[in-house]
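Chains as they are written, first to last, in the numbering used here: chain F, 1 to 426; chain Z, 1 to 167.
Source of the hints: derived by calculation from the structure; they are not laboratory data. What you are looking at is a predicted structure, and each value in this text was computed from that prediction instead of being measured. Some hints could be false.
Claimed, not checked - Per the computed footprint, the stretches of chain F lying under chain Z, defined by three or more beta-carbons under 8 Å from a beta-carbon of chain Z, are:
id: 1; segment: 4-13
id: 2; segment: 16-26
To be verified - Quick list of simulated restraints, FRET-style, between CB atoms:
id: 3; chain 1: F; residue 1: V49; chain 2: Z; residue 2: P5; range: 49 to 59 Å
id: 4; chain 1: F; residue 1: T248; chain 2: Z; residue 2: G52; range: 53 to 63 Å
id: 5; chain 1: Z; residue 1: G52; chain 2: F; residue 2: V44; range: 23 to 33 Å
id: 6; chain 1: Z; residue 1: I140; chain 2: F; residue 2: C47; range: 45 to 55 Å
No residue lacks a Cβ here, since even glycine has one placed at the ideal position from N, Cα and C.
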Amino acid sequence: MNKELFSNMQKQMAPSPEVRAALSEKLAQPVKKRPVPWMKYGAVAACAVLAVGVLGASQYPSWEHILQNFRPSILETKLHSYVTVDSLTGYVQENATTATGGSEEGDQDMGMTPVDLEQAMLDVGYTQEEIDEYQAIGYQMTWANWWKFVHQQENSEGADPFNLDSLKVFSQKELYINTGALPAPNTGDLPGGAYVGDVPVQVGAEDYQKLMDRFNGTYPDWYGGAYLDQSGRLVVQLVEDKDPGDKTLELQVLDWTGSDTVMFSSCKHSLAQLHELMDQLNALPNTDPQCKEVMAGWGVDEEANHIKLTLTQVNDHILSVLARLDPDDDAIYVQVGQRTTADVGTEDPAVHHVMPGGVPIPDDEDLIAEEPWVDNLDGAHYDIRDLPEEKKPAATDFAHEEDSSADTSAFTPACDPNADFTSPKE
Amino acid sequence: MEALPLRAGGEMDSVIDRYQDMVYGLALTRTGNRADADDVFQEVFLAYCQCGKTFRGEEHRKAWLLRTTINQARRVTASSWRQKTVPLSEQEDAPVQFREPEENQVWEALQDLTEDYRLPIYLFYFQELSTQEIAKVLAIRPGAVRMRLTRGREQLREMLKGAYFDE
């Protein structure tokens, strides 16, 4: 009964024929597109016109000026980073390749011809006889080692720092460091009994030559270069992205060289990429006179896996050109500095790290480490009261708490104004 | 039953013929007057025609129409325009009249229920949907549907002084 009731009610809950006809009529009409809200667009346009009008009539700069002000920052040219070098004594020869000494360019790197060596030895005071004697030994002196020796001897306390024995000792030491060659007993005339002419062939040199024979001048994309480490062993750089990580490349290199002493390292750039970049750098002086003026030397450093470029001075033009060549700022290492007379050793030059854009970071001044300096002191005696206040050594603050009888501290006597300073040697 | 195309928009007359009572009845139950139910009825089938939807089956199409009807009815009754206007004629806002007094009594009692109870009662007793189907249309749990049916029945029993809506 209830079901019938609900059914009857449902039958009466039906749309009227008029409503149904209206629906059919609406369905028969084509679908109307959504009306474009012209009113809304008009309001936005009116607001924009009003804003431009207000800006134009006021003291504020026009849109053109605003855009001009923004444009330089938007289109700012990216500059390559660089380091400034105080005294550029080391040098990078054009088209030089460091470290391996096996490539065509590598023979030039750091090498010192006999004429160079003779002239350098004459400059520091060696006689022609000493030069001939030393050159008869057969040690292959490099510029790096030569400046290292000069620097070392200049800082020594001897009356005659540049004597033949010291040069031979230095050569023997460097030979041992670089090759691991132990002094051969009584076979030569070097102090200690070693004869540098009997140097065993570097372990890695043959491996390197075998590797180069395999490459035959065309480097694969996984090869990032190679160099000899301190012990003379060959270190092959593998490009990170190309190394499958399953040791296949390592095994292949070991197979090619037939050696089990080759070591491997990973790097970012392949040697082919660096050489391609070198070609672009080589062409730069011919195509860009502004670059030619400042480019002093450049070469591939396979150990560091980048190109070292030396500039005599820096400007935005060359930095922007380098930024285009090296967008990631890590394939070209740019150092800027004037070449000085090489009267110091070849220690790493003072390098100021520079942010992109070229603002050097000043070296921190360590006031505490500075020795007090007073003009009227004779060097043997000075009074604590004469010391400048702001540069007073920090150690004097602690000296009061220490036992005044202890004479191990050089500052201790200075705590007593009446006490004379006594140097430790005395 | 004749098979209708599952793609919306095709054979509209056949679709309207089959579902018009269901849509209009639900719209009338939800809005309470024929004028609004007429609007909802037209809007639902216009939306159906333009949606371009392909249904998985007849149950899917039925559920879609019910759900759209509830949404359209809510939109019509909740619009600020409707709340601020007064009908020009008494006929527009006239209560729904049925033929039999008993039917009017049941209808009035049904209209006195809140919406939460009214729609499940209508769908269960008039459209004969299962609690599962009602739960899907109203987007609530079946247990909630059963609870609302029970409470709605109790209220109707009290108002109608009789058991029109059996368990």
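These are the hints, each one checked on the structure:
Three residues within the 8 Å Cβ limit are the bar, and the segment 4-13 of chain F against chain Z gives 8, so the coverage statement holds. Proximity of the segment 16-26 of chain F to chain Z, defined as three or more residues with a beta carbon under 8 Å from a beta carbon of that chain, is established by the 7 residues found. A hinted range of 49 to 59 Å holds for the C-beta pair V49 (chain F) and P5 (chain Z), which are about 52 Å apart. Our hint of 53 to 63 Å for T248 (chain F) and G52 (chain Z) holds, since their Cβ atoms are close to 56 Å apart.
A C-beta distance of roughly 32 Å is found between G52 (chain Z) and V44 (chain F), which places it inside the suggested range of 23 to 33 Å. Judged by the Cβ atoms, the range 45 to 55 Å given for I140 (chain Z) and C47 (chain F) holds: they are separated by roughly 46 Å.
Violated hints for the displayed structure: none, as all numbered hints are satisfied.
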